[in-house]
Every structure is written in structure tokens, then in C-alpha cells.
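Visitor: Residues per chain are reported as follows:
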Amino acid sequence: GENVEQHPSTLSVQEGDSAVIKCTYSDSASNYFPWYKQELGKRPQLIIDIRSNVGEKKDQRIAVTLNKTAKHFSLHITETQPEDSAVYFCAASMTGFQKLVFGTGTRLLVSP
Amino acid sequence: EPEVTQTPSHQVTQMGQEVILRCVPISNHLYFYWYRQILGQKVEFLVSFYNNEISEKSEIFDDQFSVERPDGSNFTLKIRSTKLEDSAMYFCASSVQGVFQPQHFGDGTRLSIL
Numbered sequence: 001g002e003n004v005e006q007h008p009s010t011l012s013v014q015e016g017d018s019a020v021i022k023c024t025y026s027d028s029a030s031n032y033f034p035w036y037k038q039e040l041g042k043r044p045q046l047i048i049d050i051r052s053n054v055g056e057k058k059d060q061r062i063a064v065t066l067n068k069t070a071k072h073f074s075l076h077i078t079e080t081q082p083e084d085s086a087v088y089f090c091a092a093s094m095t096g097f098q099k100l101v102f103g104t105g106t107r108l109l110v111s112p
Numbered sequence: 001e002p003e004v005t006q007t008p009s010h011q012v013t014q015m016g017q018e019v020i021l022r023c024v025p026i027s028n029h030l031y032f033y034w035y036r037q038i039l040g041q042k043v044e045f046l047v048s049f050y051n052n053e054i055s056e057k058s059e060i061f062d063d064q065f066s067v068e069r070p071d072g073s074n075f076t077l078k079i080r081s082t083k084l085e086d087s088a089m090y091f092c093a094s095s096v097q098g099v100f101q102p103q104h105f106g107d108g109t110r111l112s113i114l
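Keeping their order, the protein sequence lines are chains A and B.
Numbered per my numbering, the first sequence spans residues 1 to 112.
Numbered per my numbering, the second sequence spans residues 1 to 114.
What the hints contain is simulated information worked out from the structure, not anything from laboratory work.
These numbers were taken from a predicted model, which means no experiment stands behind them.
Fair warning: there could be bad hints in the mix.
Simulated crosslink set (DMTMM-like; lysine to aspartate or glutamate; CA at most 25 Å straight-line) [as the list claims (entries may be wrong)]:
#, chain 1, residue 1, chain 2, residue 2
1, B, Lys42, A, Asp84
2, B, Lys42, A, Asp27
3, A, Lys42, B, Asp63
4, B, Lys57, A, Glu79
5, A, Lys57, A, Glu79
6, B, Lys57, A, Glu2
7, A, Lys22, B, Glu44
8, A, Lys42, B, Glu85
9, A, Lys71, A, Glu2
10, A, Lys42, B, Glu1
11, A, Lys42, B, Glu44
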């Protein structure tokens, strides 16, 4: 089955810096890749997603890139703010399968 | 903005007892899911449900678990004969369609087995 690896496990940046989180997936049939932000004790919240027919998607300070050949996708956050501090999870799913397979999460800490 | 709602927020149960976790998906959504997250770990898929039947389930979702849509709004997860290792946060999610559609999560039920 699908396996999603995520790096780094923790990431500390200064406010205003950029942050990049990377994920790799194992099954080339995966074609939908969402990113979720989870604050302590809260629900995972979808922040951005990308489909396999698109190489990049941007929403204000957040962007996701997808390299299907290498089977990896990345989350880019620019101009980070303290409120970006949370755990970020990548996920992948395949056509015909509704389940999301999550990565292990990245704890992002943005220091003022 | 419509949300997925879950009750209770916290459930404490003795080992061996049965628990029912409840969810109200977003009203126009057709696909429903249960995930669990053991403290400090990643979110794990349990089961997906569409058109009143299970469409996919994981290895975790064994005979101890069952799901039901008892009426037009609720979606439940039943865990029979609970074990200590069932202690986790259980999230319900829903999506409009099953493919390429965002899954929206509820706030979760923290299940503690004593």
C-alpha cells in the first residue's frame, strides 16, 4: 500500500523566514495531495491541496509543488508568522480509493 | 462555514466496555470517514462510508469496529470490547465526493480507556 514519508520532523524558523516541508510517496498511482495544519488539541485543517495534473499551486503565503517523476511534493510557507506554528501533515490518495494516507507530521515553530 | 461536529469531545471508558462515537457530517457531503490519531503520532485511516455501506477499511478496522448511519444526519463509530490501545483521538471527516475532494475534519473525540 501507499506510504508517505515526511521531513523534517521539526522545523524552527524566525518570523519572516520561509519554511519548506517535504514529502515523498511510494505509489505512482497517487494523484491527490492535501496538506493539513493541526494546532495543539485541534482538528486537522486543510490549508492547500494539489492534483497530479498540476505542478504547482499557490494561495497567498502558501504554495505546494509536485514532482510526479520523483514522487515528492513540498509545502512552502513564505513570510512566516508566529501563528503559523503548528504541526503540518501531508497526505496522499489514489483515484478509486477515498482514504488519505498521512505523513508523520512536521512541527513548525516560528519564533518572533 | 458548515462544520463536521463530533460528540462527545472526551469519552472515558473501562476496558472491555463498548463505546459509540458520534458525528454529524456536513449536510451536502456524501462520503464519510473515520480516522484515529494516537497521541503524538500521525493520523491513521480507519474506514470510509458511502451510500450506506463501507467503501474501504484499513487493517486497524477489524471485527471490533463497526460504523452506521442510523438516520439522515448522524454517522457513528462503535468500538466493542475496548482495549487500552484503543485510546486515541478519533476524527470524523466528510467530503462532497470521494475523489479529489477535500476532506473536512471534526474536532475529534478523545477516547481514554482505563
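Visitor: Mind listing which of the numbered hints don't hold for this structure, in increasing order?
Guide: 3 and 4
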